[in-house]
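Start from the sequences, fold in the hints, and give me the full structure.
Residue numbers (numbering that gives the first Met the number 0), protein chains in the order written: chain W, 0 to 257; chain D, 0 to 257.
In short, the hints are calculated from the structure, not lab data. We put the CB at the ideal spot given by N, CA and C, even for glycine. It is possible that part of the hints are untrue.
[To be verified] A short list of chain W residues far from chain D (calculated; beta carbon distances all over 12 Å):
id, residue
1, Ala28
2, Arg60
3, Gln69
4, Gln73
5, Glu85
6, Gly123
7, Arg135
8, Ser157
9, His177
10, Ala202
11, Ala206
12, Cys208
13, His213
14, Asp216
15, Pro225
[What the hints assert, rightly or not] From the structure, some residues in chain D lie toward chain W, with a derived Cβ separation under 8 Å:
id, residue
16, Asn62
17, Gln68
18, Glu113
19, Tyr116
20, Gly119
21, Tyr136
22, Pro161
23, Asn165
24, Asp197
25, Ala201
26, Pro205
27, Leu207
28, Leu218
29, Ser250
In case you want the letters, here they are:
Number of protein chains: 2
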Amino acid sequence: MNILLVYAHPEAQSLNGSLKSFAVKHLEAAGHQVQVSDLYAMKWKAALDGDDRTDRQAEARFNPVWDSQQAFAQGTQSKDIALEQEKLRWADTVILQFPLWWFSMPAILKGWVERVYAYGFAYGVGEHSNTHWGDRYGEGSLAGKRAMLLVTAGGWESHYSPRGINGPIDDILFPIHHGILYYPGFEVLPPFVAYRTDRFDAAHFPALCAELAHRLDTLHNTAPLPFRKQNFGDYEIPQLTLREDIAPGRSGFAIHQK
Amino acid sequence: MNILLVYAHPEAQSLNGSLKSFAVKHLEAAGHQVQVSDLYAMKWKAALDGDDRTDRQAEARFNPVWDSQQAFAQGTQSKDIALEQEKLRWADTVILQFPLWWFSMPAILKGWVERVYAYGFAYGVGEHSNTHWGDRYGEGSLAGKRAMLLVTAGGWESHYSPRGINGPIDDILFPIHHGILYYPGFEVLPPFVAYRTDRFDAAHFPALCAELAHRLDTLHNTAPLPFRKQNFGDYEIPQLTLREDIAPGRSGFAIHQK
Numbered sequence: 000m001n002i003l004l005v006y007a008h009p010e011a012q013s014l015n016g017s018l019k020s021f022a023v024k025h026l027e028a029a030g031h032q033v034q035v036s037d038l039y040a041m042k043w044k045a046a047l048d049g050d051d052r053t054d055r056q057a058e059a060r061f062n063p064v065w066d067s068q069q070a071f072a073q074g075t076q077s078k079d080i081a082l083e084q085e086k087l088r089w090a091d092t093v094i095l096q097f098p099l100w101w102f103s104m105p106a107i108l109k110g111w112v113e114r115v116y117a118y119g120f121a122y123g124v125g126e127h128s129n130t131h132w133g134d135r136y137g138e139g140s141l142a143g144k145r146a147m148l149l150v151t152a153g154g155w156e157s158h159y160s161p162r163g164i165n166g167p168i169d170d171i172l173f174p175i176h177h178g179i180l181y182y183p184g185f186e187v188l189p190p191f192v193a194y195r196t197d198r199f200d201a202a203h204f205p206a207l208c209a210e211l212a213h214r215l216d217t218l219h220n221t222a223p224l225p226f227r228k229q230n231f232g233d234y235e236i237p238q239l240t241l242r243e244d245i246a247p248g249r250s251g252f253a254i255h256q257k
Numbered sequence: 000m001n002i003l004l005v006y007a008h009p010e011a012q013s014l015n016g017s018l019k020s021f022a023v024k025h026l027e028a029a030g031h032q033v034q035v036s037d038l039y040a041m042k043w044k045a046a047l048d049g050d051d052r053t054d055r056q057a058e059a060r061f062n063p064v065w066d067s068q069q070a071f072a073q074g075t076q077s078k079d080i081a082l083e084q085e086k087l088r089w090a091d092t093v094i095l096q097f098p099l100w101w102f103s104m105p106a107i108l109k110g111w112v113e114r115v116y117a118y119g120f121a122y123g124v125g126e127h128s129n130t131h132w133g134d135r136y137g138e139g140s141l142a143g144k145r146a147m148l149l150v151t152a153g154g155w156e157s158h159y160s161p162r163g164i165n166g167p168i169d170d171i172l173f174p175i176h177h178g179i180l181y182y183p184g185f186e187v188l189p190p191f192v193a194y195r196t197d198r199f200d201a202a203h204f205p206a207l208c209a210e211l212a213h214r215l216d217t218l219h220n221t222a223p224l225p226f227r228k229q230n231f232g233d234y235e236i237p238q239l240t241l242r243e244d245i246a247p248g249r250s251g252f253a254i255h256q257k
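Quick look at the structure:
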């Protein structure tokens, strides 16, 4: 299949760089087509602003939503944005690879999401009515594709465990899994997370690669996270709260999975 | 008191721009000293990389943690980073103002955190032992200061309610409140969040300003979020899991508040 790896680490000679090279070789050896968006190497522009629309009047007030909509609809997006959208259309599976910095993705990758996820492409898609609140959360332009996070964390696994001080890793990643990947339609696979990478011992690299290889070999048949679709009866519309009889009395991120 | 407003929106003529101007005027009228870091206007460099250290050997392998430590210790940080650290030292209270984009802060502000939060300044501070896991989560260089988020969200308040499809706003903001602000020592005030701002009606602006004014007038005596300190007995060290007899059987972000 076609696999897009979006990669965000500033140093090629790093654990992340080594994992990226391993992943690309492993996937290609298995017969997949692979494209890599190496954001640091591409000097990706992180900040979303008025320059992202090529036909904007200099004196006009910039509205991130409206200008994105206009530029996407009229084909006047900045070229780097359009190229990344084309890669997303091409891909069957997308992997976002990054070190966890301050409990989220690096700024350069966040800026990739903000700029590439145009209105009309990743949001603002489909009918908005009292029975259908846009094609999102289970529907959308990227439906039918799969996505997975490949994350390194400096801290220990126990620090990210259900009672760990950083918060559970599943909750830390929920805004990305659910809010960035599931939102425009991706099926989201469980993440691959390597812990304690600040003191990573090179002797453990082969074992880590073996674990990763297993996940890469099973991208097509790994069960996705069972998020609930928005427009198929589980949620009240337009409030978008979970129906009272589903997970009654509970709240939090976990209720949005079956 | 001294107040630093770190502001991340690309358009001055926006709701965010108007709220920022209102906040600055209101705080100054109350006798406070205010500095604003307007990240878009400053053309803040979002991506953390080897250029953040002025004395790095070009051919050397870049290690985000190690190079940050060296540059901070030796006074060879990029000047823009050192200036922001100086503002943080000066401030009694810090406000981070931003639109919620894809369920987190804009890339340009995330990049401010990544670059300004140097090793030795915001992390890697204090003794690491089996009884004290660094000065963090309740201790650290920024202890004694207060911080508050000022956030605008396009979606409805119900979408961010305890059972709302986006997840509860308190959980969405936890990685920022706890992981970015409480971590280096800030006392974190409850956030000020304005919802449904994509269709904001200018007629509601005075009421929104009145709400914000109340929060600005009570910055000094608003009770902070009651996060648990790391090194004072609530957590096992070095696992950093919450002691079994505290919030027994529970897990998730909420257990880290008293």
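> Can we trust that Gln69 of chain W is non-interface, i.e. its beta-carbon lies farther than 12 Å from all of chain D?
Replying inline: 15 Å, holds
> Regarding the assertion that His213 of chain W does not contact chain D, is the least Cβ-Cβ distance greater than 12 Å?
Replying inline: 27 Å, holds
> Was Ala202 of chain W rightly flagged as not at the interface, with every chain D Cβ beyond 12 Å?
Replying inline: 19 Å, holds
>> A closest beta-carbon separation below 8 Å is what the hint needs, so does Gly119 of chain D meet it against chain W?
In response: With Cβ-Cβ at 15 Å, over 8 Å, it is violated.
> Can we confirm that no CB of chain D comes within 12 Å of the CB of Cys208 of chain W?
Replying inline: Answer for Cys208 of chain W: holds, closest chain D Cβ roughly 20 Å.
> Given Leu218 of chain D was flagged as interface, is its beta-carbon under 8 Å from a beta-carbon of chain W?
Replying inline: Violated - the Cβ of Leu218 of chain D stays beyond 8 Å from chain W, reaching only about 24 Å at its closest.
> Holds or violated: is the Cβ of Gly123 of chain W farther than 12 Å from all Cβ atoms of chain D?
Replying inline: Not fine: 10 Å to the nearest Cβ puts Gly123 of chain W too close to chain D.
> Hint check: is the beta carbon of Pro161 of chain D less than 8 Å from a beta carbon of chain W?
Replying inline: Pro161 of chain D check passes; min Cβ-Cβ to chain W is 4 Å, inside 8 Å.
> Should the hint that Gln68 of chain D touches chain W count as held when the rule is a Cβ pair under 8 Å?
Replying inline: Gln68 of chain D check fails; min Cβ-Cβ to chain W is 11 Å, beyond 8 Å.
>> For Pro225 of chain W, is the shortest CB-to-CB distance to chain D above 12 Å, so the non-interface label stands?
In response: 15 Å, holds
>> At 12 Å, judged by beta carbons, does Gln73 of chain W keep clear of chain D as stated?
In response: Holds: least Cβ distance 20 Å, greater than 12 Å.
> Are all beta-carbon distances from Ser157 of chain W to chain D longer than 12 Å?
Replying inline: Non-interface label fails for Ser157 of chain W: nearest chain D Cβ at 4 Å, not farther than 12 Å.
Checked against the numbered hints above, the structure breaks hints 2, 6, 7, 8, 9, 17, 20, 25, 26, 27 and 28 and satisfies the rest.
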